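Chemist: Take 1 as the starting number for the sequence shown in the working numbering and just add one per residue.
Think of the hints as simulated: they come from the structure by calculation, not from any bench. One or more of the hints may lead you astray.
As the list claims (entries may be wrong) - In silico DMTMM-like links for lysine to aspartate or glutamate, alpha-carbon gap of 25 Å or less:
#	residue 1	residue 2
1	116	71
2	637	664
3	678	717
4	438	417
5	458	399
6	722	436
7	476	523
8	219	230
9	67	168
10	458	510
11	440	417
Remember, it's a predicted structure, so these values are computed and weren't measured experimentally.
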Amino acid sequence: MSAPKQPFPPGKAQLLFVKSKVYIHVTNSKKDNVPGYIVIAKPYMDSPNLDLVVAFIPETDVDKEDKEALDYFDLYGLDGENTSFYGSGNTDRGSTQELISSNHLPKVNKYITRPKMSSLSSYAFGLTISNIYSIQIRPKASTLWYGSVVLHPKNSLEKVPALFFHDDECPGTIREEKLKNQSFNPFAENMNGGLYWGGDRFISCLRNYCVLEQSPLEKGMVLVNPTKEDSINFIPNIIDTKDPLENASQTVDQFITNAKWKVLTGLASITSFARKQIGQVAESNKIPEPIKKLLQKPEVRVIGDEFDSANVYLARWALAVQQEAEKSRKLIIGNNYYHQLIKSELGENFGNLTPYELSKATRLKPVSDIEWTNMFDSAGRLQITVEEVKDRIFHGGLEPSARKEAWLFLLGVFPWDTSRHEREQLIQSLRDSYNEYKEKWKTDMERQMNDEFWKDQKVRIHKDIRRTDRDIDMFKPTSPENDNDDDDDNCDFGNPNLTVLRDILFSYNELNYNLGYVQGMSDLLSPIYYVIQDESLSFWAFASFMESMERNFVKDLSGMKLQMQTLNELVQFMIPELYLHLEKCDANSLFFFFRMLLVWFKRELSFKDTMRLWEILWTNYYSSQFVLFFALAIMEKNSKIIVNNLNQFDQILKFMNDLSGHLDVDDLLMRAELLFLKFRQMVELLDRKNSKTGAHALKETTETVVSDELRQLLSKEPVIQKEEPRTSDTPFG
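When you get a sec, could you build the whole thing from the sequences and use the hints?
Modeler: Structure, rendered in structure tokens:
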């Protein structure tokens with residue numbers, strides 16, 4: 001374990017890394033070389049990572065006390081006097097799946113006089129991590145050539161000399177090479193195929209305190225804490241850097257899928273699925289004949305098998321959606337002047353955006369735990385703007401190690417302007433409040449025994465909990481279930497984590513009695529608990545998520561109806577040719593998106609991709625309803641296949657359902673962003689024209705083309721819709 005924290009001695013800095021026998025080669029003559037130490041030091045006890053100092057200290061500047069500390073740390077500092085050292089166990093530095101372990105912290109505390117940032121009397125210099133733009137790494141090529149590193153400050157006028165690692169003279173490196181050879185691992189951690197050298201250990205240790213990204217434009221050039229602009233300019237797009245073997249397999253899968261569809265579209269029959277509930281809805285005399293026929297479609301039944309509300313929605317609203325679509329069609333697709341305006345002002349191919357807008361759509365690497373930590377100062381306060389944080393997360397997502405805290409910010413559990421101490425106090429307050437809600441239902445035995453609504457909620461929750469993400473290790477059965485578990489409030493469903501989900505959902509019933517539990521809500525909770533793994537914090541994160549998702553679960557389904565209508569108008573507005581084809585195939589109700597929007601694509605994506613998509617949507621970076629642009633991106637990506645190959649409702653519905661498990665999240669997010677920018681550009685053009693008078697004004701007002709629902713897509717404010725107050729006459733479910 002790491003050394004305990006203690007106050008720094010006056011005027012001293014804590015050592016985090018040391019390499020001795022590092023030289024500045026002043027001339028070609030060896031006698032002019034300046035020997036010294038390269039160090040990473042923490043100048044003050046509360047210094048954040050960005051204020052750590054990378055310094056060169058000439059041997060002539062070191063007193064006896066500092067020399068003892070430097071020499072000891074060079075040999076043993078990170079690990080203590082043992083037979084292993086940092087990096088010898090696992091050389092895979094690319095993965096941050098686990099939280100950064102404590103082996104980057106010193107096992108012993110050693111202090112030296114605070115390093116000089118510059119000196120007129122010697123070659124000493126120092127740079128804070130925040131002031132380093134990049135590092136040029138030149139590994140040892142042979143025994144005749146020493147490896148070196150060059151630190152490039154952000155101020156281009158500031159220059160520092162190259163530092164050469166004389167490994168054959170450095171006791172620490174000699175020891176490390178011996179240990180690596182004994183473990184049959186003589187290779188460097190940061191250079192593929194290269195041999196270990198002193199500079200490699202320096203880079204490995206520096207990675208614990210900042211983000212280092214290899215630039216493809218210059219071999220050996222590493223960017224330090226690159227900005228989004230640096231990543232766009234110097235680091236390849238994440239979409240272009242996926243595993244080539246993975247891409248190859250995806251290409252084969254795509255080929256097989258396309259080939260399968262050419263065969264399937266020629267088949268006259270499709271496998272039937274039966275379900276009692278669908279039959280009951282279809283037999284109702286109140287359902288219009290077109291809807292009855294729609295309910296009999298096998299692919300509709302597939303969606304109904306997942307969520308009962310899909311059947312209810314279809315029965316109540318599908319015809320109404322088509323009627324609303326017909327009205328908007330006349331205003332959008334039927335508005336010839338609007339189309340002429342778009343064509344004349346934005347060109348035939350108005351989807352082409354400016355280079356700046358295109359560059360903003362680049363997908364970046366996920367935010368690592370180190371990068372997330374460096375966004376905060378020593379007091380735990382954010383030291384960049386909230387917009388900058390959301391920009392970074394929107395364009396890259398989060399690595400698993402950064403998610404727990406970041407999700408609590410994104411979901412509004414932690415206010416962005418709090419300090420670490422304030423958040424610790426808040427956590428305790430939230431725990432107390434959650435326990436009150438939980439205790440309320442656990443101790444109310446009379447309600448549990450006699451309240452029919454409570455009994456109904458219990459059945460629904462238990463039913464959904466049992467089928468929630470059972471393919472995920474955290475939720476797999478760990479013990480056999482008791483047949484009488486439904487009657488036992490202490491049952492663990494064969495897994496205690498499922499009991500926690502149950503308790504959170506029951507407690508949410510207390511918080512939001514009007515809504516209660518509705519099928520599908522367990523799907524929204526499980527990823528949150530999977531990441532946060534704290535019952536009370538997961539409850540509040542889920543409750544915050546439900547603030548914007550409640551509209552999906554209100555009993556009259558008006559929230560889902562409005563989203564489906566808005567998506568319908570969006571397809572008309574952005575991809576009119578596709579919409580006209582869907583209309584010919586009686587598929588313009590877009591019913592296949594109901595399940596996708598209801599639980600934000602959780603059934604269509606892997607658990608891993610679901611978490612990535614959600615954290616990006618939570619930023620509300622462009623729009624609080626960006627999920628509709630993600631849906632639009634799916635339609636845009638597959639529009640040619642649909643228009644050219646699919647001519648019947650059954651074919652289109654089956655094709656869309658079969659996309660489940662085959663959605664490329666990064667590609668679709670890039671498309672969704674470009675589509676949003678294109679949409680905003682079109683609305684702004686119409687608004688500019690509408691603001692003019694006389695001959696230059698629009699012949700029809702903007703509102704005839706851009707409805708209130710479409711305009712709402714430009715807002716970052718969440719759309720909040722609450723369930724009506726529950727009464728004694730309110731039906732269950």
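Chemist: Now look at each hint and say whether the structure bears it out.
Modeler: Tested hints:
no. : hint      : verdict
1   : 116 - 71  : holds (19 Å)
2   : 637 - 664 : holds (11 Å)
3   : 678 - 717 : holds (20 Å)
4   : 438 - 417 : violated (29 Å)
5   : 458 - 399 : violated (36 Å)
6   : 722 - 436 : holds (23 Å)
7   : 476 - 523 : holds (15 Å)
8   : 219 - 230 : holds (16 Å)
9   : 67 - 168  : holds (19 Å)
10  : 458 - 510 : holds (13 Å)
11  : 440 - 417 : violated (32 Å)
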